[in-house]
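Asks: Protein chains in written order, with numbering that gives the first Met the number 0: chain E, 0 to 304; chain H, 0 to 317; chain L, 0 to 323; chain X, 0 to 276; chain Y, 0 to 507.
Worth flagging that the hints you see were computed from the coordinates, not collected in a lab.
Careful, some of the hints might be misleading.
Unchecked claim - Per label pair, the in silico range of CB-to-CB distance:
1) H:Leu64 x L:His21: 30 to 38 Å
2) X:Pro179 x H:Arg147: 25 to 33 Å
3) H:Glu40 x X:Ser94: 24 to 32 Å
4) L:His21 x X:Ser94: 52 to 60 Å
5) L:Gln197 x H:Leu293: 54 to 62 Å
6) Y:Ser95 x E:Leu157: 32 to 40 Å
7) H:Ser50 x X:Ile133: 38 to 46 Å
8) H:Ser50 x L:Gln62: 56 to 64 Å
9) L:Asp76 x H:Lys241: 56 to 64 Å
10) L:Arg116 x E:Met132: 18 to 26 Å
11) X:Ile133 x H:Asp83: 48 to 56 Å
12) H:Lys241 x L:Glu194: 26 to 34 Å
13) L:His21 x H:Lys241: 57 to 65 Å
Said to hold, decoys possible - Taking lysine-lysine and the PhoX-like style, the derived pairs with C-alpha atoms no more than 20 Å apart in a straight line are:
14) Y:Lys216 x Y:Lys267
15) Y:Lys123 x Y:Lys149
16) Y:Lys123 x E:Lys84
17) Y:Lys441 x Y:Lys457
18) Y:Lys293 x Y:Lys310
19) Y:Lys123 x E:Lys51
20) Y:Lys267 x E:Lys84
21) Y:Lys74 x Y:Lys181
22) E:Lys84 x E:Lys51
Unchecked claim - Chain E is faced by these chain L residues, among others (derived, beta-carbon under 8 Å):
23) Gln78
24) Ile82
25) Gly84
26) Asn99
27) Pro100
28) His115
29) Val118
30) Gln120
By construction, the Cβ of each residue, glycine as well, lies at the ideal position given by its N, Cα and C atoms.
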Amino acid sequence: MITFILRRTCLALVVVLTVMTLAFVLTRLSGDLAISIAGPGSTQADVEVIRKAYGLDRPVLVQFYDWTRLALTGDFGSSFFFKDKVATLIAQRMPVTLSLGFVGLALALSISLPLGILAALYENTWIDRTATMLAMIGQAMPSFWLGLLLMIVFGLQLGWLPISGTGSWEHYVMPGIVLAFTAIPALTRLMRSGMIDALSSDYIRTARAKGLSRSSIIFKHALRNAAIPVVSIAAVQLGFMLGGSIVIETVFALHGVGYLAWESISKNDFPVVQAVVLVLASLYIGLTLVSDILNALLDPRLRGA
Amino acid sequence: MSTTPILSVSHLSCQFKSQGGLFQPTRLLRAVDDISFTLEEGRVLGIVGESGCGKTTLARMILGLQKPSSGEVFVQGAPLSSLDRRARARLIQPVFQDPFSSLNPKQTIKDIISLPLRAQGTFEPHEIERRTAALLERVGLSLEQGLRVPSELSGGQRQRVAIARALILEPRIVICDEPTSALDVSVQAQILNLLDELRRDLKLTYVFISHNLAVVEHVASEVMVMYLGRMVERNQTADLFKTPRHPYTQALLASVLTPEPGLGLPDVGLGDIMPDPAHLPTGCRFHPRCLKALPQCATQEPPLRKPTDHAVLECHLT
Amino acid sequence: MSAILEVEGLAVRFGPTQAVRHAHFTVHQGETHCIVGESGCGKSVTSLAIMNLLARNGHRHAQKIIFAGEDIQAYSDRQMEEIRGNRMAMIFQEPMTSLNPSYTIGSQLTEVLRRHRNVSQAEAEARAMALMARVGITAPAMRLRQYPHQLSGGLRQRVMIAMALMCEPELLIADEPTTALDVTVQAQILRLLAELKQELGLGILLITHDLGIVARVADHVSVMYAGEVIESGRTADLFARPAHPYTRGLIDCVPVPGKIKAGEPLGSIPGTVPVMKEGFQGCAFRFRCASATDACTQDVPRHEIGAQHHVLCHHPVTDKGSRA
Amino acid sequence: MPRLTQASFVIGLGIVGVVLIAALFGPWLSGHDAFAQDLNARLIPPVWMEGGSTKHLLGTDQLGRDYLTRLLYGARISLFIGVLTVITSGVIGTSLGVLGGFYGGRIDDAVLFLITCRLSIPVVLVALAVVGLIGSSLTLVVATLGLLLWDRFAVVARATTMQIRSLDYVNAAWCSGSSPLAIMRDEILPNIASHLMVVCTLEIALAILLEASLSFLGLGVPPPLPSWGLMIAEGKDYMFFSAWVIMIPGLALFTLVLGINLVGDGLRRAFGTQVIK
Amino acid sequence: MIRQTLRSLLLGAALLGTAVTGAQAQKAADTLRIAMRDAVTNIDPYYNNLRTGVVMSHQAWDMLVYRDPDTFALKPLLATSWTLVDDKTIDFQLRSGVTFHDGSAFSADDVVYTINLVSSADSKVAVPTNTNWIEKAEKTGDLSVRVTLKKPNPAALEYFALVVPIYPKAYREKVGADGYAKAPIGAGPYRISKWEAGKEVTFERYDGYWAASPKGKPAIKTLYVRFVPDATTEMTELLAQRVDWIWNVNPDQFDNLSKMPTLQMARKESMRIGYLSLDAAGRYGAGNPLTNQKVRQAIAHAIDRKTIAEKLVTGGSRVPMAPCYPGQFGCDSTAAVTYDYDPAKAKALLAEAGFPNGFETELVSYVLPQWTASVQGYLQAVGITARVSQLQIQAAVARSWEGKNPLYMASWGSYSINDVSAIMPNFFSFGGDDYARDPEMKRLLEEAGASIDPEFRKKSYSAAIKRATEQAYWLPLHTYVTTYGFSKSLSFTPYPDELPRFYLSKWN
């Protein structure tokens, strides 16, 4: 088990390093960074000063080395626009994104799990078709559009929920719903197919032959096995959700990491962009690691490995 | 018998490293361990043993599907590794166990049968057509069936297709890996009879792998018994069935349930320890299950002995 | 010996496909009754139909299914649950997949006893260990805490058998219990079943395709073809005087060491098993039968050709010792 | 196949077909130029609403451009992006997946590593960053999405190839003397094609949604091209008093994506594919 | 179905006033809730370059000089009086009795500290041009300071009135620059009580604010500013009465919003002008069509600037004839060569220039997309195909400085400084935004900028305006009209300098 974790952690680290390289290359795609840092209204002399001050006159490889070295210690440099440590900025905004992610995931799970189980239990009946259709509708709904619609209905017409910002838990409801919509289809489908597989498996036939009650068969024997992939995917989904919250954070003016990234992209604030890409990627990698370990813990067949 | 044997296997071994991610610890799995034998033209070598004994891996090495860790396979005296894939295809062909997975579901029967010809790249289309049609008939399929896809055929018919494909290049050796174990008894007999006919007509040499001793007894001229990657005994078929020398062979023979009412069930008495190729026992590999094990069986590898001209045995017992 | 299970006129339909047609047989206490047939002949479906474990699209109909004197056809799901695993147990072909991979052997063994008997977990575990020892599992206390994947195929099948015996059932249905196992293990498992039958006075319904097994373990045999029991009789009788052309063909197909000389062709049956649709009339074997006549398209008569030996055929072979 | 599945598949196919025809011929038939502005005829409501006119069936946008024409033109862009992205990502992902699955060993490790790296990259963020830093254009959006969305192709192609590689007909092809390339082409690709088709539909839908999201954030298709996402973005300021400007493109986007997904779902059921995540 | 949905949405919008519950204006709490789009990430006024930042700074900081928002007359604020000693020297006499928000007294030390800090080359301030013309400041007494300039700056006092807030020396040195940015204090009418970068700012009325200030004592106790990046979200908040004040509302919504029972709307033309710069210098490519004067004139004739101003910008937007805001000192419209909308003439000019079939080019822009699109449409009508690159402001500016924008639509607000020196030199003195690169223009503007003689300056600026328009280097498109939407319960007056003054607002 320990070697398993160690091995996965090593792999995760190599992936992080690769993503770091990518994040660095990414931000060098734009033109002259010094000019964008200087901002409108400054002269070319200002630009030269800035170029020197930010070390942008050094060879790219040296810049990369320095950035990587510092980034590994958690120092992502300073934002050009916020004039603050990037690490601090991200640390400030991460709670918002994480809260959003957790609310979204909780909503998604609480809808998709029962839906998937019902669909599997009543496979090929109208219940199954309705559940599949709901998942399909969720999958087709553009999140920004859904966000706008919710805003009009719940924010404006009914006035039930606050529209933007992060003051209270109520602020997370609408964005959480929109975010949940992105994960519900996949989770429902997975739960459904996992449950169908489990229900048609030989060990369920054994359980029935043992005369066990229906509820014991469904909840003890089938669900346990069907839930394993769902639990592990849920962690991965959370990673996807965190990475995909940009649009939602922008629409609902949630000052989270996604919105920070969006702001920074439009301002060529590359240390922030790099760091956000890296942090979100690392989070995802961490979550898959957790999911693998969870998987191994839940599934006795993998536990021994 | 001074001619070169058509197939000769020398000190063939195959070890697997259990694969996983990038950093998985490698566990060594000795599927086949130092096996040697020769086979004369026109003979049928039956290989028997339980699942996991390495018989399929041995077949894959002879077919060139699996690279041996050490040792070499010689066909007509030439090392297999020196042959390119087309030359090898002209000499050795397989018939696999599962007629459902051994035919490409997206191709027509004719395309499947003619694949070896097409892969040679030297045959004219009409030649390919002619030989395919001839072979279809030979294995008992109609030309119309040649235009169908595998899912429209029954298991026995599919196995006929697989045999046709194996024979279209007129190879010298056919490796039959459990060719009838996925078939019903009534169909099994059809296929066994067909294989036997073809062997006589085309002067083929078979390596015939099976876990069914009764079938092996029927088709093979000589039999090799494998246990956990080792050849534990080899002999002419009749001799082996008459006087099994190795305790494992004896147990195997005793386990055969012939349809003879009243004989009751044999007491094989091998215990509940199962052979595991990943954790090989020391000494003789069979000793943990052997009823007649001696003290040295647990520590010393058994010697290879030749009790008669044709018999080979690996056992401490005499 | 009294009949523990009596089945008459059993039919199972999956959509338009007729998987089992008017099957009938009787299993007596302390007796092994074998149903033998090729794949697709409906033998597994028959066993599931008795347990009422058919998939949702399978429909069962029978004249009677009498278990221990009661017709269980009309039983509710709850009543069937009470019987299953309790008085009527079943073991399956694939010991690899028939155990739930997420629970320990112990929990799966005790579960069935606690479901049907009012016993404590400790009592259930004691019974489980005793039974495991009985079915030949060494170190049962350790095995109890292991997961199925940690056991070999033979051990798993022993666990399945122990599980089936937890509530001391009257009838054990074994569906191809040794097909997935190696030959040496097969003999051991079959021996175990035979011993248990003796000890516990079990009725065993054994489903298999292997005539070798039938010959060695069965007291009574029913041969199925295309969903029908075409011939049934005491084992020795049936092997000595197979009356149906199919039974004869089947016996001829099996290579027997020392019986057939190398080079001689094996007996075989041409063609393949047809799929039965509703409304099929006549003998299903006529397409493959050498002695088929026009009469074979008509309803098939049942001939009693001996004590407890009957056959469903227009042209049964009755001459003694005609085996090739 | 269950009956309703077939019905939903047919409905999906119908939606996609209608959008396809609309995209191909619509802009010519509508009688307007998608780019012709008329500042004196701005924000005319659709014909069924008060103030609507039959001249502009779906009204006009904030620059007085015919909304129906722009909607039809937008369909063209959505489909163009969806299809082109999937061609790019399909080629990349399938090649990688088949190579990894077929050869195994080191090559597969490398492919698996690439997939892991790719999955850890937040797609929306990186696509936004690339477009934001280089400047928006249709080509760049297609290229970026194409280079980012190959993961599912690779995962599915790899898994299915692995399953098939161990099947005996591949072994038989080896023994027949076929070259590795021929085996991949003739034995493996035709047999994983149905799985890849399902992935195709999913990815087309995803690419269309992603493009709309990028355009909505202003970093997708550059104006004046009428992408549906961009139309929603341009129209959202008007949604309170001229709701049709976001309802119409939003519904169009939703319907098209739903249609493609229905087709994909139908295919998946027909092929019995499990799409591995 | 669609129809019903649409109708219900519209109905909902119409019923807004009655449907909304629990979100009344915060009059009772005496809190003015403000939403702004451009988030300030560093509230230290010298370290952000956004208009929002300037607005914030005027609530919490005082400058030396006060500019009357109506008359643009300069009045004393922290300085009671000032003397122009010569072209490059200004003496300020400072006010006594002023305190910063921490209660410490304001003195000459604070002014000297602030000015020397922000004018130094390594200060890293966000807009160096706002202060880099200052040489140094010296303390000449406890309440008097002498400021020396690097070169004469006729608009120096306007800068002191608008973009040179005064730091508290002792406090800022104590907490350091970072600490100051996190908890800044000034000497203005409001103090910042809570602030989170890029998210929100809370201002509380500073009770120690000096009584006689022309800014006056604020009527509203608390200002709560929240940054809402999306215009639609912001408008939803206003409609749902969850904020009381927003600005830069889409002008197209002005009339609809005016009809809402809970809202009032206002708009005011500002000093900001929208323009189209043309690559006359050939920075984008030496031979490009825009280097041809006739092509540039054709473009000037091709665009119906009047319709854009009236139909798109609306609210009284005008078309400036000269390349500057009409009210600025030196902005002499009569000196300008004018171009009216005449597509025929534009085509003729293009044909004369050798482009009878037009040509292809690129239009880079960061202004409202529909405005860009309209210019693109007008160009297309005379045969010029302009590929639009609609960029974020920063990216567009960066490209501009790299000389990669053949046609460039942007805006310039002159930092609200009422002098041509705040606009024309940016575009004609060989800086990043200069696509004319005309030495004569540079000479004329430097000459005017180096003098403080009004008449001489006017003459030079007129000459520059004449030359710039004659050459059609730079096409002013329209003046900006700032739109404001706010609660009916609020009394708020907009001013032309784009500086909302919340300290002057009150509840009705």
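Asks: All hints, please: hold or fail.
Replies: Hints, one by one, checked against the model:
1. H:Leu64 x L:His21: 30 to 38 Å: violated, 49 Å
2. X:Pro179 x H:Arg147: 25 to 33 Å: Holds, since Pro179 of chain X and Arg147 of chain H (Cβ atoms, about 28 Å apart) stay within the stated range.
3. H:Glu40 x X:Ser94: 24 to 32 Å: violated, 45 Å
4. L:His21 x X:Ser94: 52 to 60 Å: Holds, since His21 of chain L and Ser94 of chain X (Cβ atoms, about 57 Å apart) stay within the stated range.
5. L:Gln197 x H:Leu293: 54 to 62 Å: Given about 35 Å between the Cβ atoms, the range is violated.
6. Y:Ser95 x E:Leu157: 32 to 40 Å: Violated: the Cβ-Cβ distance is about 57 Å, outside 32 to 40 Å.
7. H:Ser50 x X:Ile133: 38 to 46 Å: Roughly 59 Å apart at Cβ, these two residues miss the hinted range, so it is violated.
8. H:Ser50 x L:Gln62: 56 to 64 Å: At roughly 43 Å between Cβ atoms, Gln62 of chain L and Ser50 of chain H fall outside 56 to 64 Å, so the hint is violated.
9. L:Asp76 x H:Lys241: 56 to 64 Å: holds, 58 Å
10. L:Arg116 x E:Met132: 18 to 26 Å: violated, 46 Å
11. X:Ile133 x H:Asp83: 48 to 56 Å: About 49 Å separates the Cβ atoms of Ile133 of chain X and Asp83 of chain H, which means 48 to 56 Å holds.
12. H:Lys241 x L:Glu194: 26 to 34 Å: holds, 31 Å
13. L:His21 x H:Lys241: 57 to 65 Å: violated, 47 Å
14. Y:Lys216 x Y:Lys267: At roughly 24 Å apart (the allowed maximum being 20 Å), Lys267 of chain Y and Lys216 of chain Y break the hint.
15. Y:Lys123 x Y:Lys149: holds, 19 Å
16. Y:Lys123 x E:Lys84: holds, 16 Å
17. Y:Lys441 x Y:Lys457: holds, 15 Å
18. Y:Lys293 x Y:Lys310: Outside the cut-off at roughly 28 Å; violated.
19. Y:Lys123 x E:Lys51: Cα-Cα ~11 Å, so holds.
20. Y:Lys267 x E:Lys84: violated, 39 Å
21. Y:Lys74 x Y:Lys181: violated, 31 Å
22. E:Lys84 x E:Lys51: It holds: about 19 Å lies between the C-alpha atoms, which stays within 20 Å.
23. Gln78: For Gln78 of chain L, the interface hint is violated, since the closest Cβ of chain E sits about 10 Å away, which is over 8 Å.
24. Ile82: holds, 7 Å
25. Gly84: It holds, given that the least Cβ distance between Gly84 of chain L and chain E is near 4 Å, below 8 Å.
26. Asn99: With Cβ-Cβ at 4 Å, under 8 Å, it holds.
27. Pro100: holds, 6 Å
28. His115: holds, 6 Å
29. Val118: violated, 15 Å
30. Gln120: violated, 15 Å
Hints 1, 3, 5, 6, 7, 8, 10, 13, 14, 18, 20, 21, 23, 29, 30 from the earlier list are contradicted by this structure; the remaining hints agree with it.
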